[in-house]
Amino acid sequence: MQATELIEKLKETLAKDISDFRIVTTEHGLKKNRAYRVWAEVSNKKLKDVVKKLFSLQEYPHFSVSSGVDTGQNIEILLHFTLNYAAPKEQVLLTLRVKLPKKRPVMETITDLIPGALISEKEKREFLGIEIKGLAPGRAFLDDSLAGVFPWRKDKKGANKIAKNLHTGERIEQK
Amino acid sequence: MFNILHVAAHSIFIITLALLLSLLFNGLERKLIARMQARIGPPIIQPFLDIKKLFIKENIVPANSIKWLFNAMPLVALASALLLFLYMPFAGMPPLLQAHGDLILVLYLFIIPPLALAIGAFASASPYASIGAQREIVLMMSYEFVLSVVVIAFAWLLSFSHAGAYAFSFDTLTAYPIWNLVDGIGKLGVALLLVSALAVFPAKVAKLPADISEAKTEIAEGVLVEYSGRNLALLLMAQAVQALAFASLIVALFFPWNISAFLALPSIFALIADFIFFLVKTFAIMFASLILVSAATARLKVDQAARIYIYYVFLLALFGLAFIGLDRLLVM
Amino acid sequence: MNKSKKCSISIGPIHPALKEPIQIEVLVEGERVKDASFSLGHVHRGIEWMGLRRNPIQIIYLAERVCGICNISHPLAFCIAVENAANIRVPERAEYLRTIYAELERIHSHLLFLGVAAHELGFDSILHYIWLIREKVLDVIEYLTGNRITKAVLMIGGVRRDISKKQIPKIKEMLAYYKKAYEKLCEILLDDPTIKLRTRDIGVLSKEEALKLCAVGPTARASGVKKDTRQDFPYAAYADLDVEAITPDVLLGEIRGDVFDRIIVRLLEIKQSLELIEKCIKELPEGPTLYEPVLQKLLVDLKKVDNEGIALVEAPRGELIHYLRMQNSETLFAWKIRAPTYANMHTIVPMLKDSELADVPIIVASIDPCLSCANRAVLADKEAIIAQEKIHELCVKKTLKIKERLKRWEHV
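Here the protein sequences come in this chain order: A, B and C. Quick note: to get my numbering, add 3 to the position in the first sequence (first position is 1). Quick note: to get my numbering, add 1346 to the position in the second sequence (first position is 1). Quick note: to get my numbering, add 4 to the position in the third sequence (first position is 1).
Everything labelled a hint here was simulated from the structure, so no lab data went into it. Errors might be hidden in some of the hints.
A partial selection of chain C residues facing chain A, derived with a Cβ cut-off under 8 Å [as the list claims (entries may be wrong)]:
id, residue
1, Lys286
2, Pro289
3, Tyr327
Backbone N, C-alpha and C fix where the C-beta goes; we use that ideal spot for every residue, glycine too.
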């Protein structure tokens, strides 16, 4: 399958569920090969449906990682998928954006569909303080004693002091 | 009274010499392996430096270990390894305590250091050490078979050819080198016995490919993991001494000749020549079965190693025994 | 020990088999592994967090220090992401140079892995041999970039160092050297019975599991997933080079997804990298190597960007992702790194199940874990840091104690 074909199909299948659909192409090398990056926004409710629909386009959609950004009012979770892999030069990099209100940042897990999303979701939970329903308990990265500190938050819950020169115990306050 | 003092002095001399020699051989072995791996390697006296440093270091005993057992075992291991030299021909001389022990005693003494190591490891209450100790025991059970077949073959052959002599004494073994007792197919049998005895060597002294009980990258030095300072120094010495002892055992069994018998030298020179010849023989054995092998193999798993010893090496030894038997039949 | 009794053994965070801290907890029954779990996060340095307090050009140097080995891949992914956000077109010559540097890094990394794998098996002679031939590529990297390990050649919009015509013979000499060494490596790794005994059918990862767990890089390819970012989603000059994802059936005719396959894939990729470098040198186009040589101007331009960028790069261990967002500011607004090991960590659980304890190190090593890549986080303002400080304090005390004792020893 060609990348453009896949993007059309993607648009078709997800038309009702997504907004802010953007295609960014870049060219590389002497032959000007194109690489396609697709961005789309999904509401929190429909995320799981959208991920399910991806399975109709590819037997195993490759979930790369999810990124998280604290934008002030919202916490944005960006799920990066690669589709149509194993087709030379025709892979599509799809990013689904989910906005969670900071007051109640709750989303559903996709680990039941894609088991490989486990550490990524745990990371979001630990670093951004969001709640992920249905995700296995336990921490993947940060020590238990750091519960309640969410380093990627840009508000008071974030990390404001860091240790400098561990042996002296000196810490510096960050702006 | 004088006799006891004389024996004591002589023993101390032999033990000191054996200890120095085995550490020196250990250093040579490390250097040679390093050169084979395109490394420069440590200086030859490195084992001495290591031991010296370990004696300075703190001797840590794990809190939940059985302390007396943990501390006693390294001493037991080293002592029994060193005792071996009093009962075996060493440096071209007949065994000092010839009248008090024979080949069977030597075989038993050989079992003590690995067993002490395993007991000490179990006493340390570390999971890594207990796994290492289990492996050590499994391995020991698999290779002891082979050694017993070798010894039985020797005794059997000697009891046939020299019915009057005591078959298990080293005196007899030295007086009648085994190669002279057989010919043709029997020589092949002895060669097979030699190969199987050499195959046991790496397992006996925990060197590659059979350093399974220590397995640095798997269980973090296994049996040695909790040992440090003085205890570790004793264990390292015990291992080095064991290596030299096993090499001298193979020499005593298979290559008992002394060079002085061929050269007709004056007595003092004969002693020196025999000593040098002994060094050459033991080092050749170590080179063939330890250094070359450990530079050219990966570590086996314990079940793989046990299978190799129980099936293949054991079979090899049995074939050796069978060939010798066949040879006897042909002679008769 | 009672055979039916299960015993939990922890491998790591500090263990001679692991070059970097990860904790693997295995539940063993005798020598057999019944279950396994892992925990990350022992080397958190807060790199992303630090990055949000620096400007893009400073971050390149930070990105280089995410990992000691992939220090082309990380800054490359970062640069491509910034270029993607700022819509910068990199000159063709720079794209080819980037490819050469990235492939040199791959050779170096895969040789390193092969050595480590041999070491895990206790085969130190091979370790030393492989690391000896690895010196050659390090020498060439030093010759081209000025540094052996941390190369510092990448810049947003191109590369900082050109490869002159005079330098090309040395690269060609290296290629010839490695072609010879490759034959020898094949001989060692394919024909040695002890290596086969220890790696064949050990730590098997089925294709389905690899797909489900989103494995990447050589780990996925060894299980038969033909996934290679250089092939699927070409960046730099890979678009011109027609890279093909390598699976072990190329050489062996079958795919088993075991440790041996993972070794073979990396071995074959060394050869592939040599061919790619050769092609790049042959087709190296003329032209500038930087989009904007005046860095002040570049920074001013980047300050105006309000966009997000994402980049995929095939690092030696697999797909590497950098995501970033710029919002009209000197510093970044968001930065996320996803290193390949982060994705591959899941796969060690099915690999370890029902293996033997003796196989654990080689299985874990077979995904070539790079944990400093997988762990990047931040220290927080809670009292938790005390724990580490306390440990340090104890260490200092202990050292002083030992020093004291040594002094006494000297007096005696």
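Hints, one by one, checked against the model:
no. : hint   : in the structure
1   : Lys286 : 13 Å, violated
2   : Pro289 : 6 Å, holds
3   : Tyr327 : 5 Å, holds
This entry does not satisfy hint 1, going by the numbered hints stated previously; all others are met.
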